[in-house]
Amino acid sequence: MSITITMPALSPTMTEGKLAKWFVKIGDAVSPGDVIAEIETDKATMEVEALDDGIITALNVAEGAEGIAVGTVIAALDGEDDDAPESPPEAKAPPPPATKEAPPQPAPQPTPSVAVEYDGEVAPLTIREALRDAMAEEMRRDDRVFLMGEEVAEYQGAYKVSQGLLDEFGAKRVIDTPITEMGFTGLGVGAAFAELRPIIEFMTFNFAMQAIDQIINSAAKTLYMSGGQMGCPIVFRGPNGAAARVGAQHSQCYASWYAHCPGLKVVAPWSAADAKGLLKSAIRDPNPVIFLENEVLYGQSFDVPTDPDWLVPIGKANILRTGSDVTITAFSIMVGKAMQAAEQLAEQGISAEVIDLRSLRPLDMETIIASVQKTNRFVSCEEGFPFAGIGAELSAQVLEAAFDWLDAPPVRVAGADVPMPYAANLEALALPQVETIITAVHEVTYQKGGE
Amino acid sequence: MAKPPKKSPKKPAAKSATKKAKKSIKRVPGRPPKNAAIARPDTDAMLGLYEEMLLIRRFEEKAGQLYGMGMIGGFCHLYIGQEAIVVGMQSIAKEGDSVITSYRDHGHMLACGMSADGVMAELTGRRDGYSKGKGGSMHMFSRDKNFYGGHGIVAAQVPIGLGLAFAHQYKEDGGVALTYFGDGAINQGQVYESFNMAALWNLPLVFIIENNQYGMGTSVSRAAAGRALADRGKAYGIPGMQVDGMNVLTVREAGAEAMAYCRAGKGPYILEMQTYRYRGHSMSDPAKYRTREEVDAMRKQRDPIDTLRELLASEGVENDKIKTIDAEVKAVVSKAADFAQASPEPDPAELWTDILIEGRAS
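For the record, the sequence lines run as chains A and B. Numbered according to the numbering used here, the first sequence spans residues 1 to 451. Numbered according to the numbering used here, the second sequence spans residues 1 to 362.
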């Protein structure tokens, strides 16, 4: 009987990979555990092992082929038909995720979100590369800048964001720590007090909860408590928000937690250009900056300015799409969804203005209010919990500053107010989708079919 | 009941420990190490130590009075009884070494050379205080004096001290980070995270445990398993020493050894200073957890200032000289108290300053 072998998923967010090498050829006999191929993703290289006894009958993918989607049949073998298993062998391959919306594909369309003032050269980069370039450029520029965190050096970054930095800057400036969040966060704060410029990477912001006392009580408050003497120039960065299928403890948006506290700046870019320009600004900033990335976005490509002196100012929102009927704000991964929603709304004759907040603190309320005064309707989007979330703050400020301009109450699009479930269908329900945004816009524009 | 520090703690049942590990723990309760890394100070230097300890004592007594009068608010943790530790350690620190401590910090600031006026004015919440009145007793800093606070969360200063040591190593400036914390902090997880990284990377860091026998109202024996806190770095290979923290000369000798070890690039060192606080944990402490007799016995038999005064007298220093110092210190403190009460409250506009540094990207 024929058994198919499919492209395996090597991580929760992997959607495709490269078949780097075949270790078998047609006609070879394999046994469970034999390495048959090597798969590369943007994060890792892994070996694929045979799960069954049999003879290889087909290799469907050429060695070196890239962009092979998870679940694609890559090989087949003729199984030794001893006693036929009851379940089809294909069931051994991981089923494709049942989410309505497969985690964002590596975007085929490079999205121009470069500030209008820039008319220099651009190059397509993934967000992962843009972040790496930002750190590398700033480390070249300033000897005081160093990167510290778990697996940032020899492993090249848990998500490969710091790839190549150890080679260029050495172990003095690219430092692997033990798994000790509170300790290395406090270390970073002390080093910043002593006028170094630490970049502290959290493998994800979920783990920063172990260290949040150092971030809030030590990093954010000391300037004030010292009457302005003790600045803390530090960047805390890492992936924030839901990844994919990693459950409640690894899927949470901390934007409102940090934005709540005076003494911190909080940024959450969506595009690779903003990721680079904002990270460079964050590293140069004399204050503690929380830099919220998104794992699902790391592999997406955008055009990015190549000029190493090009920065994106912290505290400035970006109007990505102008419109006249409704103002939609979003940050990080929700920006992509808001743009898709705006596209579909345009087909329905609704003109949406989409604002990428980029910075959550300081928050560019001026841009938002001006937009709401034009469109008279407001929808905020975030992936985090709705209660006391970013949308709650935005809605309150819009009501305070533009009450007389509003034609409808603001609507908040947010994650479901539940710990993140694991099951694929429940996870999809917990996360706001493009349709959720469209429904919210229908609500504020009093369109039928909004429910 | 806490054991008075005079008694040497029982040897831990460490028979199973390896010889090497045993060797890294030196135990010299009440006695200076055999090969002291520093010479005994001459009479003038000893008078200096006396003056500094007395300044802290009188300053804290005055702070207690002002607190009672309602001039100082909030929490106020006095250092009375522990003066020998910070005075001894800072007397041998070098220019450029950095210092960080907990909220029981007034003595550390004075020993780092910060002005009594500025510290007292911060206690009264006035604009001439070190933090313009915005920090208070537990949150004062001086970049000039390399004093990095003043931290209100128990043990949070320890990883920050680790960062100061990291910066000394990174800049290759030869400095040592003197990180003070109490016996209460020693049970916090972040202390061990710091031990681990300090040892892993050979950071120049002296962990100074001020074991005053009580973490708030809980005696060390009710809070800490094992015996000597100096042993707590054993698993990380960090040498530890128990020191009579009531004797400024002993403190100096132990401190000199620890600092020399750090400066030689050998990594961190732990000093467990056996000491005692005469006053409550903070001003609002009813002190029901220990007897009056215990406190009195300590004051009478072990007081660091009396001990040094007696030593000076035995070495022929005239009483007049001591009395002159007493009067000078009293004048400094009384001037600080006047200054702290005369300084105006912060301008209301100060509420909104120093939250972020504006427009100074580098």
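Be careful, since some hints might not be right.
Stretch by stretch, here's where chain B covers chain A in the computed footprint (C-beta under 8 Å, at least three residues) [what the hints assert, rightly or not]:
no., stretch
1, 168-178
2, 255-266
3, 344-357
4, 416-428
If you are wondering where the hints come from, they were derived from the structure by calculation, not from laboratory data. Here a beta-carbon is modelled for each residue, glycine too, at the ideal position from N, C-alpha and C.
Cross-check of the supplied hints:
Counting residues of the stretch 168-178 of chain A whose C-beta lies closer than 8 Å to any C-beta of chain B gives 3; at least three are required, and the coverage claim holds. For the stretch 255-266 of chain A, the stated coverage by chain B is satisfied: 3 residues place a CB nearer than 8 Å to a CB of that chain, which reaches the threshold of 3. Restraint check on the stretch 344-357 of chain A versus chain B: 0 residues with Cβ-Cβ distances below 8 Å, three needed, restraint violated. A count of 0 residues in the stretch 416-428 of chain A with a Cβ less than 8 Å from any Cβ of chain B is obtained; the coverage claim is therefore unmet, three being the minimum.
Consistency with the previously given hints fails for numbers 3 and 4, ordered from lowest to highest.
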